[in-house]
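Asks: Line by line, the protein sequences are chains A and B.
Its first residue numbered 533, the first sequence is counted upward by one per residue in this note's numbering.
Its first residue numbered 533, the second sequence is counted upward by one per residue in this note's numbering.
Only true hints are included.
Because identical chains share one entry, a pair is satisfied inside a single copy or across any pair of copies.
Quick list of in silico lysine-lysine cross-link-like pairs, BS3-like style, CA-CA up to 30 Å:
(1) LYS626 <-> LYS535
(2) LYS617 <-> LYS669
(3) LYS723 <-> LYS669
(4) LYS669 <-> LYS535
Calculated from the structure, these hints are not laboratory results.
Number of protein chains: 2
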Amino acid sequence: MYKTIAPLVLASQSPRRRELLGRMGIEFSLASADIDEFCRPDEEASDFVCRMAEEKALAVAGEFPGSWILAADTIVVLQGEVLGKPEDRSAAVKMLSKIAGNRHQVLTAFTLYHAATESLITRLDSSRVKIAALSAKQISAYIDTGEPLDKAGSYAVQGLGGAFVEAIEGSPTNVIGLPLPLVINELLLNKIITLIVSPGD
Amino acid sequence: MYKTIAPLVLASQSPRRRELLGRMGIEFSLASADIDEFCRPDEEASDFVCRMAEEKALAVAGEFPGSWILAADTIVVLQGEVLGKPEDRSAAVKMLSKIAGNRHQVLTAFTLYHAATESLITRLDSSRVKIAALSAKQISAYIDTGEPLDKAGSYAVQGLGGAFVEAIEGSPTNVIGLPLPLVINELLLNKIITLIVSPGD
Numbered sequence: 533m534y535k536t537i538a539p540l541v542l543a544s545q546s547p548r549r550r551e552l553l554g555r556m557g558i559e560f561s562l563a564s565a566d567i568d569e570f571c572r573p574d575e576e577a578s579d580f581v582c583r584m585a586e587e588k589a590l591a592v593a594g595e596f597p598g599s600w601i602l603a604a605d606t607i608v609v610l611q612g613e614v615l616g617k618p619e620d621r622s623a624a625v626k627m628l629s630k631i632a633g634n635r636h637q638v639l640t641a642f643t644l645y646h647a648a649t650e651s652l653i654t655r656l657d658s659s660r661v662k663i664a665a666l667s668a669k670q671i672s673a674y675i676d677t678g679e680p681l682d683k684a685g686s687y688a689v690q691g692l693g694g695a696f697v698e699a700i701e702g703s704p705t706n707v708i709g710l711p712l713p714l715v716i717n718e719l720l721l722n723k724i725i726t727l728i729v730s731p732g733d
Numbered sequence: 533m534y535k536t537i538a539p540l541v542l543a544s545q546s547p548r549r550r551e552l553l554g555r556m557g558i559e560f561s562l563a564s565a566d567i568d569e570f571c572r573p574d575e576e577a578s579d580f581v582c583r584m585a586e587e588k589a590l591a592v593a594g595e596f597p598g599s600w601i602l603a604a605d606t607i608v609v610l611q612g613e614v615l616g617k618p619e620d621r622s623a624a625v626k627m628l629s630k631i632a633g634n635r636h637q638v639l640t641a642f643t644l645y646h647a648a649t650e651s652l653i654t655r656l657d658s659s660r661v662k663i664a665a666l667s668a669k670q671i672s673a674y675i676d677t678g679e680p681l682d683k684a685g686s687y688a689v690q691g692l693g694g695a696f697v698e699a700i701e702g703s704p705t706n707v708i709g710l711p712l713p714l715v716i717n718e719l720l721l722n723k724i725i726t727l728i729v730s731p732g733d
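Let's have the full structure, built from the sequences with the hints guiding it.
Replies: In structure tokens form, the structure reads like this:
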């Protein structure tokens, strides 16, 4: 449906982001941005996630001066508290116990950066997610699968965690890690991709 | 995370439903239910979708008397009108033009049927979906991909259509075609699956 017309680099190790963007038929190269992901004291969750997306984009920009860099960051926020990736099993148990039976917010920020023209675009999307009430046994069985351990908030909506996601309010791809309607829109506006139109259309 | 403890048959040709259930680690056999999918005059959309799920389950039950049959049906409803699968390109253009820029309802009903014990359980879930405003070119480019042609409402939330889904209110797996939280709950309640619990838990 889309054709890539300017070099694009996805600066993300997340297989979910790679899959979401690839599913759209968009061609891109890959880079890994290693940055420190720590929230500053008094930093708002929305400022933090935008800063993370920008830092990831800037971290790899030197290697690709003529390309557009796309980077993103996703965080889970429950009652003002940012829930990152769990450090270990006990942190995952604690996080899942907190989000079970409650609604939390998922924030994803993405940055498009083009070093040669000094273009920097950062956008933020927010969704709310209702997780089912979970027994200690369910939490334990879920952690045994290994899925929670590298996920913000300790669950994956597109994986086994999908069984616990009772409802979303907002963009479902934002919850996975890349809000496609906003991303596609910015890629089109900045002439990084174009729509494939057949001659008869 | 789950172990199948009673024979289960998924009566569905939908690759999305097969993928959703399979992703949960649940084992099942496959069957194809061929039924007439026509809404009766004055039949409510919610009655129609429940009847379809039940008819699909009953259609294959004779072949699997000792198994649980799981069948489902999904419909898209816009302002009281049921939008099925488009018959051809021009029907897809018409449907996509209608849903673009609007919110519609997605109803999925599923039936669990066990012939030997005459157990019949039917449940219904409903979500609302907001589709982005689309230009004629976008609609045309999307139909060119072939994706809309076998989908209720002419789009797939888990495919290229994901670029147009601005927001969901409700269960995201319901929109794909099988509301996992409800389905898993019924499979557990009826002892068709069980949670895998490790000795230490």
